[in-house]
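Novice: Each number in the numbering used here comes from the position in the sequence shown (counting from 1) with 14 added on.
Keep in mind that a hint or two might mislead.
[Said to hold, decoys possible] Computed spacing ranges between beta-carbons, pair by pair:
1) Ser156 x Gly235: 25 to 31 angstroms
2) Thr205 x Asp165: 34 to 40 angstroms
3) Thr205 x Arg169: 22 to 28 angstroms
4) Asp213 x Asp165: 38 to 44 angstroms
It is worth saying that the hints were derived from the structure and are not from the lab. Beta carbons are placed, not taken as given, at the ideal position from N, Cα and C, and that holds for glycine.
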Amino acid sequence: MRFNLPVRAAIGSLAIGLALSACEPAPPAENPEPSSEATATGAVAEDQVSPSSALPTPTPTDSAPATPANTPPAPMPTATTANGDPAVDDPHQLMPAPLTTDAQKGEKGARNVLLGFLRAIEMKDFRVAYALTEPGYRQQHSEADFRALFDGMGRISVEAPTGRMEGAAGSSYYSVPATVSGSTGRKINGTIALRRVNDVPGATPYQLNWHVAQVDLKPVG
Numbered sequence: 015m016r017f018n019l020p021v022r023a024a025i026g027s028l029a030i031g032l033a034l035s036a037c038e039p040a041p042p043a044e045n046p047e048p049s050s051e052a053t054a055t056g057a058v059a060e061d062q063v064s065p066s067s068a069l070p071t072p073t074p075t076d077s078a079p080a081t082p083a084n085t086p087p088a089p090m091p092t093a094t095t096a097n098g099d100p101a102v103d104d105p106h107q108l109m110p111a112p113l114t115t116d117a118q119k120g121e122k123g124a125r126n127v128l129l130g131f132l133r134a135i136e137m138k139d140f141r142v143a144y145a146l147t148e149p150g151y152r153q154q155h156s157e158a159d160f161r162a163l164f165d166g167m168g169r170i171s172v173e174a175p176t177g178r179m180e181g182a183a184g185s186s187y188y189s190v191p192a193t194v195s196g197s198t199g200r201k202i203n204g205t206i207a208l209r210r211v212n213d214v215p216g217a218t219p220y221q222l223n224w225h226v227a228q229v230d231l232k233p234v235g
C-alpha cells in the first residue's frame with residue numbers, strides 16, 4: 015500500500031514525539047508526610063538522652079556541711095580529798111589574802127597560817143596540813159602519825175577561837191585552843207601552836223614565816 019506524503023509526515027512526527035517523551039526523566043516525587051511510627055520513634059530517641067548530659071553540673075551551695083572546728087581536749091579529772099573537796103598542791107591556796115610585811119609578822123600573820131592548816135584538816139587534805147608544820151615537828155611525828163589523829167571521825171569540823179602571842183629566845187609563838195569534831199561523834203581537843211623566827215641576822219625567809227610547831231590534841235571522853 016502506498017501513502018501519500020502528508021500522511022507519512024504526520025506518522026513520522028508522532029513517532030519522534032513518543033521517542034522524546036520516553037527519554038525525559040520522571041518528575042521528582044513530592045516529599046511524603048512522615049508516618050506516625052517515624053514520629054514516635056523520633057520522640058523516643060529524644061527522651062532517651064543520657065541524664066548526665068541533660069542535667070546541669072551541680073555547684074557547691076551554702077548548705078554544704080562546714081568542716082568541724084578542732085575539738086579541745088577534755089579536761090583532766092580534778093583530784094579530790096576524802097571529803098570530796100578539790101585537793102590543792104600549794105598549802106597557801108587555803109589561806110586568806112596575803113598581809114603587809116608588818117602585819118604578817120604579828121598575830122594576823124599567824125592566824126592566816128592557822129586558818130589554812132585547819133581548813134586542810136576539815137577537807138581531810140592531811141598532806142597539805144602536814145606540809146604547814148615546821149621541820150622540828152616533822153622530825154618527831156611522821157605524816158602517818160599525823161593522819162592517825164583524825165581516824166574514824168567522818169566529816170570533820172574545827173573550832174579555834176582567838177589565841178595569844180608570846181615571845182621567847184628570838185622567836186614568836188601563837189598558841190590557840192582547838193576542838194576537832196567528827197560526824198561519827200569522835201572528838202579531840204588541845205592546843206595548836208605556831209612559831210616564827212624574829213628578824214635576827216642570818217634568819218632565812220622560811221624561818222621568818224609562821225609554821226605549825228605543835229599539835230597537841232587528845233581524845234575527849
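Novice: Which of the listed hints are not met by the structure?
Specialist: 2
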